[in-house]
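Colleague: Build the full structure now, drawing on both the sequences and the hints.
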Amino acid sequence: MLAIWACVMGCLFFSARGSAAVPPAGSWIENRASVSYVDSATGLASRLESNVVRVQVLPVVALSLTNDQSVRRAPGGQYALSHRLVNNGNVHASVRLWVDAPPGAVLRLVRDDDGDGRTQPGEAELLPGTRLVLAAGRGVHVLMVGVVPSNAAADERIVLRLNAQADVQGGRDDSAVVSNADTVLVSRGPVLKVWKESLSPVAARGEVIAFRLTASNTGSEAAKGLPVMVDGSARDLVLLVDAVPANTQAEALPADQPGGGLPLYHWRGEPEATYHTGRPSTLAEVDQLLMGWAQVDAGRTVSFDLNLRVRRNASGTVSNQAQARFSGVGGPQESDSNRLVLALTAQPPVLAFF
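Residue numbers for the sequence shown, in this note's numbering: 1 to 354.
You can take every hint at face value.
Each pair of labels, with its calculated beta carbon distance range:
1) Pro102 <-> Val341: 30 to 36 Å
2) Thr317 <-> Pro102: 34 to 40 Å
3) Thr130 <-> Trp28: 33 to 39 Å
Pairs of lysine to aspartate or glutamate residues, derived as DMTMM-like cross-links and limited to a Cα-Cα distance of at most 25 Å, are as follows:
4) Lys224 <-> Asp155
5) Lys224 <-> Glu156
6) Lys224 <-> Glu334
7) Lys224 <-> Glu270
8) Lys224 <-> Asp297
9) Lys224 <-> Asp305
Just so you know, these hints were derived from the structure itself, not from any lab. A virtual CB, placed ideally from N, CA and C, is assigned to each residue, including glycine.
Modeller: This is the structure:
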């Protein structure tokens, strides 16, 4: 006689990956094994099924906090460091947030309801002792906002650690503690603060998305240009750069730019510091869109508009960061913008017959 048994060995683990939903706490997972065979005596096909194994899902809190980051600011300069806190578990979690900072640091936590990385009127400040209640699978953007001390020394590093800890059903789970470490580097030369925003309400396949890049020199000196080649001639330029992200293709740069400057293209496969004022025969060969200035004085803000077309076979998101490249105290410097992530609009399935 052939018999088959199923049993549970060890522990059952699960995680939230992709679009798969985490099983709710208290739910049951059932499984049954089976075997199919041909009886050599009778020549008949047979199938046997095992007993049913039932496993109950336990409550689990799994927090994630992103990302560590580093920014440059002048003494007296403000910073707003954006973080994303998500409950990847299967139960509600009451989350406590706190910051480990150097003595004398003045900062506050703000709930960034629209996720734009900036403090807005009406967005709640998370006072000490405030708890965020996150449902399973839900998240929130949090800003760590502060000011660099006016007496901070050049090249001083201010390290700030944002921590999150969850309470589960009245008892704290010490394993559900996550943290990010941010570094504010104090600079007495030029400091370019870069911001990227979308001017389009949605990102749809086949459509054009408009973006604006903004760079403000919050430092004490002018940002000077770096040596580059433009149409075969040597130039010194401060560059605001946007790499063409996956799922998109560059469009021609608008002629009417809000911040002046020299519009530039980088052609795919060419050296990094080689640029053109004209576009190639096909825009698919453009992998960076740029704007250049001879210098950006202290206190000046410049901006740059660009368009990208979403590919018709795109999936997921359109995501990237802009970057400023310039010469400052000590040589070449770079400043990254916020990371802008746009979800593509849902597309219904289409069946094609051939």
